[in-house]
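All chains, please: the whole structure from these sequences, using the hints.
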Amino acid sequence: MKLLTLEGVSKRFAGLKAVSEVSFTVEDGSISALIGPNGAGKTTCFNLIAGVLAPSAGRIAFAGRDLAGLEPEQICTLGVARTFQVVRPLAGMSVLENVTVGALLRNPSIAGATGEAMRVLEKLGLAAKAAFPASDLTLPDRKLLEVGKALATRPKLLLLDEVMAGLRPTEADRMAEVLRGLNRDGLTILLIEHVMRVVMALAQKVVVLHHGEKIAEGTPREITADPRVIESYLGRRKAA
Amino acid sequence: MSPSSAFVSRSSALAGLFVALLAAVPLVADDFQLSILALIFLFAYVGQAWNLMMGLAGQLSLGHALYFGVGGYTVAVLAGRYEVTPWLGMPVAFVLCAALGTVVGALGFRFAVRGVYFALLTIAFAELGRVLFEHWDFVGKTAGFFLPALGPDNVPLVSLRGGATFFYYALLVSLAACWILAALLARSRVGYYWRAIREDEDAARAIGVPAFRMKCLAVAISAGLTGIGGAWFGLMGGSLFPETMLGMRMSIEIIIAPIVGGLGTMFGPVLGAFVVVPLNELSKDLAQHFNVSGLNFLIYGLLLGAVVLFAPHGLWPRLSAWLRLK
Chain X
1 MKLLTLEGVS KRFAGLKAVS EVSFTVEDGS ISALIGPNGA GKTTCFNLIA
51 GVLAPSAGRI AFAGRDLAGL EPEQICTLGV ARTFQVVRPL AGMSVLENVT
101 VGALLRNPSI AGATGEAMRV LEKLGLAAKA AFPASDLTLP DRKLLEVGKA
151 LATRPKLLLL DEVMAGLRPT EADRMAEVLR GLNRDGLTIL LIEHVMRVVM
201 ALAQKVVVLH HGEKIAEGTP REITADPRVI ESYLGRRKAA
Chain R
1001 MSPSSAFVSR SSALAGLFVA LLAAVPLVAD DFQLSILALI FLFAYVGQAW
1051 NLMMGLAGQL SLGHALYFGV GGYTVAVLAG RYEVTPWLGM PVAFVLCAAL
1101 GTVVGALGFR FAVRGVYFAL LTIAFAELGR VLFEHWDFVG KTAGFFLPAL
1151 GPDNVPLVSL RGGATFFYYA LLVSLAACWI LAALLARSRV GYYWRAIRED
1201 EDAARAIGVP AFRMKCLAVA ISAGLTGIGG AWFGLMGGSL FPETMLGMRM
1251 SIEIIIAPIV GGLGTMFGPV LGAFVVVPLN ELSKDLAQHF NVSGLNFLIY
1301 GLLLGAVVLF APHGLWPRLS AWLRLK
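Protein chains in written order, with my numbering: chain X, 1 to 240; chain R, 1001 to 1326.
Keep in mind the hints are simulated off the structure, nothing from the lab.
These numbers come from a predicted model, not from an experiment.
Ideal Cβ placement from N, Cα and C applies to all residues, glycine included.
Worth double-checking, as some hints may not be accurate.
[Stated by the list, open to error] Pair by pair, the computed Cβ-Cβ distance ranges are: (1) X:136 x R:1163: 50 to 60 Å; (2) X:109 x R:1305: 39 to 49 Å; (3) R:1088 x X:71: 36 to 46 Å.
Shown next, in the form of structure tokens:
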């Protein structure tokens, strides 16, 4: 089943085409990746799906429902959660309170939401830092918190915008393990990622954007063999 | 239990003790002292009401005099002209001001007017209100609206007007009620959502916070409560003038106590009012004594400057750290 469908989606900013007639689908239960050079339109795609921006043309549907005209909070309520590329903790609140805000979406009582938030923190290995002010966390922990806030809304689809960027390889592996676990529990994931090692290890399907257009789509193996992708993004590796 | 809710319940215990102490004050204080204390409670009350919107939800209003004035005139006109008891007038004032606040808020939030631009919008509406009242015959224009003198058969608990002791208790009760409401809101779902919006509105919306509705709710509650504060102010003074009730100066006076005391804290507005109101009265006396008009503004300015320098987050965070409350 297709959980997310983009059909001919375009976004223009004052003459500049940030995203141009992009179509792709995300299978329910899958991990898919959106890759491409800086400025390719990946984050714009996320903002279009999450309702932060409205597409200039095209159609985005989630679980068979057209998302046109919906506000970000409504799209989140439907089951789409996203993280921000530049992490955005609610700085004046504790780590637990940050995640509790997300949990309150499906769990109106403070006690219930706090309990659920604590379970999310445990899953992410952040439970020991629950009482910390969010502003005191290190970057890897902030990235985890970003995922935690999103997870607490009980999404069906999780949009991850470069959660691996800035992480050391061991930290990235830990994050990849967390994501694989979430996927096993039934969560569909669409991630924007530059760390190809992670993409190769996680994603079943890869969509490549370049100058706002989709230039390739396929399994990681197909993508890495595609001459256009190598030309525009991956580059040629010199024989070591 | 989260650290903040532990803090709130400890604060509640402290607040209960404080209120019990204050309830005994009229046994020892004279009328003048009681009327100053009543004024302190009033500004602590409206400061807390403003603080809900600014300190919790992060929405800056510099035009709260609009709700203060409209609430004040509503109750006074209903009582003075139609002999409607303030017991009924105050709920009417609350609803009217809440509706007015929702309109101002919805207009601003709908068109994504944020931060200082939203603050400018609130000033514009307050000034519009002042000018309207200054040209409105029904409320006495600039000459003011006067409540009839109290007869010998006045029953304070019916007319909600009386002597210094009556207003002392009335405002103490109002302040306590407002404080409890604020504490309950702060630890509710709405309070979490307001704080999330204050920290980062877009990030909050991304995790399902209905920002528009929540911000409108913050303005509505804050404006409604402020309207009742204005009503008490009118009943205490017995006379209402557009410049006093709805002027820019009132908007500033409403926000100074919570800023001096500590934005977004439960005790800040109360502590701030205890510092600001006596200082304001004293500086007015000094200005009169030395016949220097504007001296009180100079003192206000110096006070604010001192707070910014020595306690940039307000006096309460400093004091609570010193008392080791956290």
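A quick look at each hint next to the structure:
1. Between residue 136 of chain X and residue 1163 of chain R the beta carbons are some 53 Å apart, a value that agrees with the proposed interval 50 to 60 Å.
2. Between residue 109 of chain X and residue 1305 of chain R the beta carbon distance is about 45 Å. The supplied range of 39 to 49 Å therefore holds.
3. The hinted window of 36 to 46 Å between residue 1088 of chain R and residue 71 of chain X holds, with their beta carbons roughly 39 Å apart.
Taken one by one, the earlier hints all hold for this structure without exception.
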